[in-house]
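Here are the chains, one letter per residue:
There are 2 protein chains.
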Amino acid sequence: MRESQLHEHIFAAAADLSGVFPHVLLGPGDDCAVVRTPSGDQVLLKVDQVVEGRHFTAQTPVDLIARKAIARAVSDIAAMAGEPRWGLASAVLPPAEARAEDLCDRLSFWARRFNCPLVGGDLATGMPGSPLSLSITVGGVPSPGRGPVTRDGARDEDELWVTGRIGSSLPSGRHLSFEPRIAEARFLADTLAGDLHAMIDISDGLGRDAGRLAARSRARIVIDADLVPLHTDAPDVLQACRDGEDYELLFAAAPGTMARAMAGWRFDIPCTRIGRVESGTGCLLRFRGQAIEAAGLGWDH
Amino acid sequence: MRESQLHEHIFAAAADLSGVFPHVLLGPGDDCAVVRTPSGDQVLLKVDQVVEGRHFTAQTPVDLIARKAIARAVSDIAAMAGEPRWGLASAVLPPAEARAEDLCDRLSFWARRFNCPLVGGDLATGMPGSPLSLSITVGGVPSPGRGPVTRDGARDEDELWVTGRIGSSLPSGRHLSFEPRIAEARFLADTLAGDLHAMIDISDGLGRDAGRLAARSRARIVIDADLVPLHTDAPDVLQACRDGEDYELLFAAAPGTMARAMAGWRFDIPCTRIGRVESGTGCLLRFRGQAIEAAGLGWDH
Numbered sequence: 150m151r152e153s154q155l156h157e158h159i160f161a162a163a164a165d166l167s168g169v170f171p172h173v174l175l176g177p178g179d180d181c182a183v184v185r186t187p188s189g190d191q192v193l194l195k196v197d198q199v200v201e202g203r204h205f206t207a208q209t210p211v212d213l214i215a216r217k218a219i220a221r222a223v224s225d226i227a228a229m230a231g232e233p234r235w236g237l238a239s240a241v242l243p244p245a246e247a248r249a250e251d252l253c254d255r256l257s258f259w260a261r262r263f264n265c266p267l268v269g270g271d272l273a274t275g276m277p278g279s280p281l282s283l284s285i286t287v288g289g290v291p292s293p294g295r296g297p298v299t300r301d302g303a304r305d306e307d308e309l310w311v312t313g314r315i316g317s318s319l320p321s322g323r324h325l326s327f328e329p330r331i332a333e334a335r336f337l338a339d340t341l342a343g344d345l346h347a348m349i350d351i352s353d354g355l356g357r358d359a360g361r362l363a364a365r366s367r368a369r370i371v372i373d374a375d376l377v378p379l380h381t382d383a384p385d386v387l388q389a390c391r392d393g394e395d396y397e398l399l400f401a402a403a404p405g406t407m408a409r410a411m412a413g414w415r416f417d418i419p420c421t422r423i424g425r426v427e428s429g430t431g432c433l434l435r436f437r438g439q440a441i442e443a444a445g446l447g448w449d450h
Numbered sequence: 150m151r152e153s154q155l156h157e158h159i160f161a162a163a164a165d166l167s168g169v170f171p172h173v174l175l176g177p178g179d180d181c182a183v184v185r186t187p188s189g190d191q192v193l194l195k196v197d198q199v200v201e202g203r204h205f206t207a208q209t210p211v212d213l214i215a216r217k218a219i220a221r222a223v224s225d226i227a228a229m230a231g232e233p234r235w236g237l238a239s240a241v242l243p244p245a246e247a248r249a250e251d252l253c254d255r256l257s258f259w260a261r262r263f264n265c266p267l268v269g270g271d272l273a274t275g276m277p278g279s280p281l282s283l284s285i286t287v288g289g290v291p292s293p294g295r296g297p298v299t300r301d302g303a304r305d306e307d308e309l310w311v312t313g314r315i316g317s318s319l320p321s322g323r324h325l326s327f328e329p330r331i332a333e334a335r336f337l338a339d340t341l342a343g344d345l346h347a348m349i350d351i352s353d354g355l356g357r358d359a360g361r362l363a364a365r366s367r368a369r370i371v372i373d374a375d376l377v378p379l380h381t382d383a384p385d386v387l388q389a390c391r392d393g394e395d396y397e398l399l400f401a402a403a404p405g406t407m408a409r410a411m412a413g414w415r416f417d418i419p420c421t422r423i424g425r426v427e428s429g430t431g432c433l434l435r436f437r438g439q440a441i442e443a444a445g446l447g448w449d450h
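Going line by line, the protein sequences match chains L and Y. Letter by letter, the first sequence follows residues 150 to 450 of the working numbering. Letter by letter, the second sequence follows residues 150 to 450 of the working numbering.
Be a bit skeptical, because a hint or two may be false.
Here are some of the chain Y residues that sit facing chain L, going by a computed Cβ distance under 10 Å [what the hints assert, rightly or not]: (1) A163; (2) L166; (3) V196; (4) Q198; (5) V241; (6) E250; (7) P277; (8) S284; (9) I285.
The hints are simulated quantities; they were obtained by calculation from the structure and are not laboratory data. Where is the CB? At the ideal position from N, CA and C, for every residue including glycine.
The shape of chain L in the complex, shown without the other chains:
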């Protein structure tokens, strides 16, 4: 069974969760879950992992392993237009791991830097042959004005936008040093409020993640390949849509509403309109006169 099939199985099994546990406002299947506290506060929740050999190599410096581990989970808080508040870290260490103390220090450093200080953790030593793996849980608060921005709100005629540039994240090393788009997401939520319809971070590739946004919104997404902003070291747009690990935000906004956001955009990264939402299903990439099924571009990881 592929991971994407297993995810569908898990999401289907959790479909009744909010009915059985009313404080669960949003269960598995979006960038974060949302639970309600007794007084009515909403808490965003995300767990994410990095595993040696999958997300970093045996040669990756401990500082960058720690940074990536924290930043990946924080990026999912950004995708809900939330702000991180606390974190928990667990690690399975190879036997006789000499870097354990350094790893803990760097996790603590990056968690504070990204405003999700580590309030707890667990260390376990694996058997011989175990790779280093880290699991990071981050909790956050949604935008007070907008609330959590989910994947399922895109509507016919919405504009589709992306922050930053994409492509070549792995060969360039940007997958280890990216900045989660917390401030940009918060600005968009504050400025657009209810006109910010849906958002996702594109960690698994623009094609695949746009397909997820389309599927959850029961809409069709059309991306114009010529408009996709690439890093200068990205060889071509199809590869860039497939690569993943960009950690930029893809979002759908009501038509015409992004003019007021762009008038106040003071970040040092671009924000670019790359397509639109239509009625229908699927995600198409228009490329040199062809229409490519984009949801198949990306990776299971």
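Following the hints, position chain Y against chain L.
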């Protein structure tokens, strides 16, 4: 560096956390962390792991692996006299793990059973040779009347009590099928309120965990070995204090106050006075006329 030394390093590095991040009410070093939401609700947070070869074997049925993974974290919520509300699970699976779907189903089952429905998760596939590992985060709410019960409140002249029986958890298989003492802890908090001074779960062994309670409370604990309630299959009290994996509650109550709790005790496990708190430091086990330093009994895992 041993794990216990590494933990001390982490706790020391986190000593300023509540000063820098005022919503962090309690950071690393207790059974759970405590954070405050914007409206003032307190959230208990715990992450815990189980790793193949350490906490279960390659022969352990998936159902029991899932149960233990969830129950361990829930037991830490019990140790704060809290109630679980939600969970997050992450797993590193061996390549071509045929039990992945079954594992997800059983995690979901046990999480619901223990009232911490899984609202999110992450699956990663490890490299060849990777053991199965699971990391479980559980969030909970403290007792509304008592608030979180920490490890640091034991005082001179307090009585020391333990729930259930201890010993032989590993050979008997009880380490896979124990019931976290959520209801018992809540009853104690509701009944004793401010007279319930300190509590811990004894997953690492009665000796070691009593030593932790003593150290955090800056007090001395004296346990009478003849009073320690053993399972019938436990060969002797010293071994039982060393074994760990009991997941019972050890707590300090103001002198004389447990009479009113025991009058209403309707659980099918005993609750037994095993010692007292004194001024001083350390944790002694009185055994056949000897005084054994008990904090060294237990295990790093």
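Minimum beta-carbon distance criterion (10 Å), V196/Y to chain L: Cβ of V196/Y sits 4 Å from chain L, so the hint holds.
field: When the least beta-carbon distance from L166/Y to chain L is tested against 10 Å, hint result
entry: Since the shortest Cβ distance to chain L is 5 Å, the answer is holds.
query: Does the CB of V241/Y sit less than 10 Å away from some CB of chain L?
result: 5 Å, holds
message: Given Q198/Y as an interface hint, is its Cβ closer than 10 Å to any Cβ of chain L?
response: 5 Å, holds
message: Please check whether P277/Y passes as an interface residue: C-beta within 10 Å of a C-beta belonging to chain L.
response: 8 Å, holds
Interface hint status, E250/Y versus chain L (Cβ within 10 Å): 6 Å, holds
- prompt: For the hint on A163/Y, does the least C-beta distance to chain L fall short of 10 Å?
  reply: With a closest approach of 7 Å, the A163/Y hint holds.
Interface restraint verdict for S284/Y against chain L (beta-carbon cut-off 10 Å): 4 Å, holds
message: Holds or violated: the hint that I285/Y contacts chain L, with Cβ atoms closer than 10 Å.
response: 9 Å, holds
When each numbered hint is compared with the structure, no violation occurs for any of them.
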